[in-house]
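Just need the whole structure built from these sequences, with the hints factored in.
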Amino acid sequence: MGKYKKRGKTPQSQDGEVRAKKHLGQHFLTDESVAEQIAETLSYKGYNKVLEIGPGMGVLTKYLLKQDAEVHVIEIDTESVAYLQEHYPQLENRIHQFDFLKYDVGTVFRDEAFAIIGNFPYNISTQIVFKVLELKHQIPEFSGMFQMEVAKRICEKEGNKTYGILSVLVQAFYEAEYLFTVPPSVFNPPPKVDSGVLRLTRKEDFSLPCDEKLFFRVVKTAFQQRRKTMRNSLKSFDLPDNLREDPIFDKRPEQLGFQEFIDLTLKIQPYAISNQ
Numbered sequence: 007m008g009k010y011k012k013r014g015k016t017p018q019s020q021d022g023e024v025r026a027k028k029h030l031g032q033h034f035l036t037d038e039s040v041a042e043q044i045a046e047t048l049s050y051k052g053y054n055k056v057l058e059i060g061p062g063m064g065v066l067t068k069y070l071l072k073q074d075a076e077v078h079v080i081e082i083d084t085e086s087v088a089y090l091q092e093h094y095p096q097l098e099n100r101i102h103q104f105d106f107l108k109y110d111v112g113t114v115f116r117d118e119a120f121a122i123i124g125n126f127p128y129n130i131s132t133q134i135v136f137k138v139l140e141l142k143h144q145i146p147e148f149s150g151m152f153q154m155e156v157a158k159r160i161c162e163k164e165g166n167k168t169y170g171i172l173s174v175l176v177q178a179f180y181e182a183e184y185l186f187t188v189p190p191s192v193f194n195p196p197p198k199v200d201s202g203v204l205r206l207t208r209k210e211d212f213s214l215p216c217d218e219k220l221f222f223r224v225v226k227t228a229f230q231q232r233r234k235t236m237r238n239s240l241k242s243f244d245l246p247d248n249l250r251e252d253p254i255f256d257k258r259p260e261q262l263g264f265q266e267f268i269d270l271t272l273k274i275q276p277y278a279i280s281n282q
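Take 7 as the starting number for the sequence shown in the numbering used here and just add one per residue.
Hint data in this document are derived by calculation from the structure and do not stem from the laboratory. Backbone N, C-alpha and C fix where the C-beta goes; we use that ideal spot for every residue, glycine too. Do not rely on the hints blindly, as some may be mistaken.
Said to hold, decoys possible - Ranges of calculated distance between the beta carbons of each label pair, as one might list FRET restraints:
#	residue 1	residue 2	range
1	Arg116	Thr207	16 to 26 Å
2	Leu272	Phe136	18 to 28 Å
3	Ser191	Arg25	38 to 48 Å
This is the structure we're talking about:
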């Protein structure tokens with residue numbers, strides 16, 4: 007969709023703002039129009055609860071609260087939590103001071119469906135995606151801001167150098183869309199790179215016909231030696247020679263789409279599982 011659309015003025019700094027902390031990877035979004043656009047990336051269909059990760063001072067939160075959904079936020083920064091409690095009383099009992107990567111979302115959502123959104127800290131953004139994949143049965147929709155390079159990698163198709171482990175694993179379960187690019191100038195402090203907003207929409211049938219753990223293992227092992235053919239990168243699986251003669255083993259991992267990785271896993275499965 008190209009560059010972001012400038013629709014409003016950047017608010018001036020105010021006393022009482024939260025200080026961005028480098029060790030938490032904080033870059034606070036200051037452009038109201040970008041925040042509103044991100045809030046609008048979710049469809050709010052098929053679920054009525056939303057979890058925002060790392061709300062900071064709530065620039066995105068305020069637009070989420072205008073949607074027809076029950077908004078929860080999870081924030082590890084004590085200073086940000088205090089700010090949110092003071093400025094967003096409507097979030098009472100829905101501000102969770104935890105590390106999302108270590109948090110049991112069942113504490114809040116039990117088995118209910120919910121969407122995830124946020125301006126994600128660059129230093130943990132890929133880990134957030136891996137946790138979303140673990141929780142895919144509960145998360146029909148996911149959107150937010152990443153370092154542009156990471157966002158494009160997640161949405162990339164086979165045949166490109168940036169296509170990798172995240173691309174395959176995400177696209178096996180979700181439709182991935184790169185939505186728009188955001189410049190450093192709309193953050194405080196500005197990051198050194200552009201940011202990108204993406205949306206993941208879970209597929210109607212997101213169950214795999216192969217063993218899921220083995221699928222993850224095949225993909226990760228293949229891309230550890232991405233310049234080699236599958237025949238060489240999957241040597242550790244100790245597959246029989248007749249299987250390794252299959253033409254798919256002549257390809258490099260970046261040439262295989264997620265469906266081909268599923269097909270490959272099905273071929274490997276009888277041998278891999280018996281050797282476990």
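The hints, checked one at a time:
At about 23 Å, the beta-carbon gap between Arg116 and Thr207 stays in the expected band of 16 to 26 Å. Take Leu272 and Phe136: their Cβ atoms lie about 23 Å apart, and the range 18 to 28 Å holds. Taking the beta carbon of each, Ser191 and Arg25 are about 20 Å apart, not inside 38 to 48 Å as hinted.
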